[in-house]
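*Asks:* In the order they appear, the protein sequences are chains F and Y.
Everything in the first sequence is counted per our numbering, starting at 1 for the first residue and increasing by one.
Everything in the second sequence is counted per our numbering, starting at 1 for the first residue and increasing by one.
The reader is advised that the hints may include incorrect statements.
Listed below are the simulated DSS-like cross-link pairs for lysine-lysine, each with C-alpha atoms no more than 25 Å apart in a straight line [unchecked claim]:
1) F/Lys289 / F/Lys314
2) Y/Lys119 / Y/Lys154
3) Y/Lys119 / F/Lys289
4) Y/Lys119 / F/Lys102
5) F/Lys102 / F/Lys320
6) Y/Lys119 / Y/Lys153
Anything over 10 Å on all C-beta distances counts as not near chain Y; from chain F, calculated [unchecked claim]:
7) Leu30
8) Pro39
9) Arg97
10) Tyr111
11) Phe156
12) Thr167
13) Phe180
14) Ser237
15) Asp240
16) Leu303
These are calculated hints, taken from the structure and not from any lab test.
Predicted, not measured: the structure shown is a model, and the values here were computed from it.
The C-beta atom is built at its ideal place from N, Cα and C for all residues, glycine as well.
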Amino acid sequence: MEPPLQGTGVLFTDPSANRARDTFAAKPRLLHDKRTTVPEAVRQLVHAGDYLGIGGFGSVRIPTAVLHEILRQGKQDLGLAGHTATHDFQILCAGNRTGRGKTLSRVDIAYIIGLEARGLSPHARRVMESGDVAFTEWTNYTLAVRFKAAAMGVPFLPARSMLGTDTFRRSAAKMITCPFTGETLVAIPALYPDVAVIHVHEADCYGNCRIRGTTVADADLARAAKRVIITCERIISDDDIRRRPCRTIIPFYCVDAVCQVPFGSYPANMPCEYFSDEEHLRRWLQVEKDENAFRDFIEEYILHTRDFEEYLQKCGGQPKLEDLRRQEQSQGSR
Amino acid sequence: MTYNSMELMICCAARALEDGKTVAVGTGVPCAAAMLAQRTSAPNLVIFFEAGGVAPQLPTMPISVGDSRTCHRAVMATSMADVMETCQRGMMDYTFLGGAQIDAYGNLNSTMMGTDYAKPRVRFPGSGGANDLASLCWRILVVTNHDRRRFVKKIDFLTSPGYLTGSGAREAAGLPPGSGPYRVITDLGVLGYHAQTKHMEIISLHPGVELEQVRQATEFELGVREPLHTTEPPTELELDILRREVDPHRYVIGRAPVERN
Chain F
1 MEPPLQGTGV
11 LFTDPSANRA
21 RDTFAAKPRL
31 LHDKRTTVPE
41 AVRQLVHAGD
51 YLGIGGFGSV
61 RIPTAVLHEI
71 LRQGKQDLGL
81 AGHTATHDFQ
91 ILCAGNRTGR
101 GKTLSRVDIA
111 YIIGLEARGL
121 SPHARRVMES
131 GDVAFTEWTN
141 YTLAVRFKAA
151 AMGVPFLPAR
161 SMLGTDTFRR
171 SAAKMITCPF
181 TGETLVAIPA
191 LYPDVAVIHV
201 HEADCYGNCR
211 IRGTTVADAD
221 LARAAKRVII
231 TCERIISDDD
241 IRRRPCRTII
251 PFYCVDAVCQ
261 VPFGSYPANM
271 PCEYFSDEEH
281 LRRWLQVEKD
291 ENAFRDFIEE
301 YILHTRDFEE
311 YLQKCGGQPK
321 LEDLRRQEQS
331 QGSR
Chain Y
1 MTYNSMELMI
11 CCAARALEDG
21 KTVAVGTGVP
31 CAAAMLAQRT
41 SAPNLVIFFE
51 AGGVAPQLPT
61 MPISVGDSRT
71 CHRAVMATSM
81 ADVMETCQRG
91 MMDYTFLGGA
101 QIDAYGNLNS
111 TMMGTDYAKP
121 RVRFPGSGGA
131 NDLASLCWRI
141 LVVTNHDRRR
151 FVKKIDFLTS
161 PGYLTGSGAR
171 EAAGLPPGSG
181 PYRVITDLGV
191 LGYHAQTKHM
201 EIISLHPGVE
211 LEQVRQATEF
221 ELGVREPLHT
231 TEPPTELELD
241 ILRREVDPHR
251 YVIGRAPVER
261 N
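Next comes chain F alone, as it looks inside the complex (with noise of 0.2 Å):
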């Protein structure tokens, strides 16, 4: 049997360069103040149908401020990257089939639905297994280089990837021959989100960010965006940010909000800051089993709380946050 030389997958976005130049051409590049609150930077910069990009790794460095913000605002019909999603995955999949009309309708998937070595999440199954959301098979390198294309400005880069397998079958992507050496290789095409939400440890009013730990995929993940909205644990002084330019992964022209949201990265690990509170994480699983709990549990969780801080407080508040800060401090990364 022949292979495919070319996946049957949808390509959600737009590979395009060109088109990609004239959205970056617009960006503004001044040094101006983009401090806000999550509510405003989610009601200015995600719109319905927009794709989206999460930063982190699913249950490390996630901004779960915003992801929250985009369920109680009711945002439809979105697109995701799934690359490493885990508890992100599973806060976006609690907007579907939960009687609140559809968050999210298409997703490039290299990693949905598990939490790792936590087990799967029994809702992001029901709503995958559904047959409502459209999806496109990748993996997570290869989703890695759809963000380095789409920040390197080029549209697609070739990788060794995917090659022979079902994965690639099911994926958007091309088979090419090598014009130097006469290889097989594959195509993958850039992938430019609308939106890229990152949270971070420090970032400046402008909009330079610091990340301490692993970065994923997210210095990339910046540039390939339309739109950035950047969560941190702490705002930073602009001066503190020259005194040291070596330490800036994002830089300012790239992001369009900042907002302070301490701990926002719960239940998830923060590296350095604080660990994940996988008693909370276990009790989504629990919870998800039964369909009706599972909307209870959001409604109080989520959609009936204010913001982010009653959620921290309805979580177990300070003492909580300062046990997953010893738990940091003793056994993670220094």
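Place chain Y on chain F using the hints.
*Replies:* Relative to the frame of chain F, chain Y by itself:
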């Protein structure tokens, strides 16, 4: 000394890793195997996590491939692309993968069960980094329980490449020459692949396991590499390190129901 099947599998996996090599690991068994190898036969084994943790000195087992522990006393916290490109350049010697199904050529399914892709009977997480690692690392190891539902003639979805359809198929598809499946370590024995046909074959049976038992637990026809060995049971030193240093909370070794003598 008494040990359980999980402890035996981890010891087999650790022994398969040579000193001075690189390994990309996930959480759970692979991580336990790499940590045990570092403390026994492979002190200079370099551990990578796909989220970007490079050469950590692990204090305890991580719960996520990206959590803080994967960078504990690491030499670098980098990006996923950097780690995967280290594999693509040919610098990753080993990796560990798993899946819901595996076939005779070591192809793995971690995507879905059923026949309708758009509406799967069971949807799994998908490739994650598995397809990339299976494509790009030199030697791929699988550690899994051995039963007929898992070791099947035809997998429902080919997520990550083994030897595809057999000899020469990886190279024909464009995958890096010389890379591919290496060992499958199960609760019944240690398996490898025939040098020419690339078909799975049993190399050693665990103590007390009969060949017929392994054949019963495998839907496809299984080759036998002669002479067929019996797996060396875990040594006291291996068990001691595994239980006291690697997995004191029994997160992984506590999962095995079968005690063996």
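*Asks:* With reference to the structure, classify each hint as holding or not holding.
*Replies:* Do the hints match the structure? See the list:
| no. | hint | result |
| --- | --- | --- |
| 1 | F/Lys289 / F/Lys314 | 21 Å, holds |
| 2 | Y/Lys119 / Y/Lys154 | 19 Å, holds |
| 3 | Y/Lys119 / F/Lys289 | 20 Å, holds |
| 4 | Y/Lys119 / F/Lys102 | 17 Å, holds |
| 5 | F/Lys102 / F/Lys320 | 33 Å, violated |
| 6 | Y/Lys119 / Y/Lys153 | 23 Å, holds |
| 7 | Leu30 | 29 Å, holds |
| 8 | Pro39 | 28 Å, holds |
| 9 | Arg97 | 14 Å, holds |
| 10 | Tyr111 | 4 Å, violated |
| 11 | Phe156 | 15 Å, holds |
| 12 | Thr167 | 5 Å, violated |
| 13 | Phe180 | 14 Å, holds |
| 14 | Ser237 | 24 Å, holds |
| 15 | Asp240 | 20 Å, holds |
| 16 | Leu303 | 26 Å, holds |
In summary, the numbered hints that this structure violates are 5, 10, 12.
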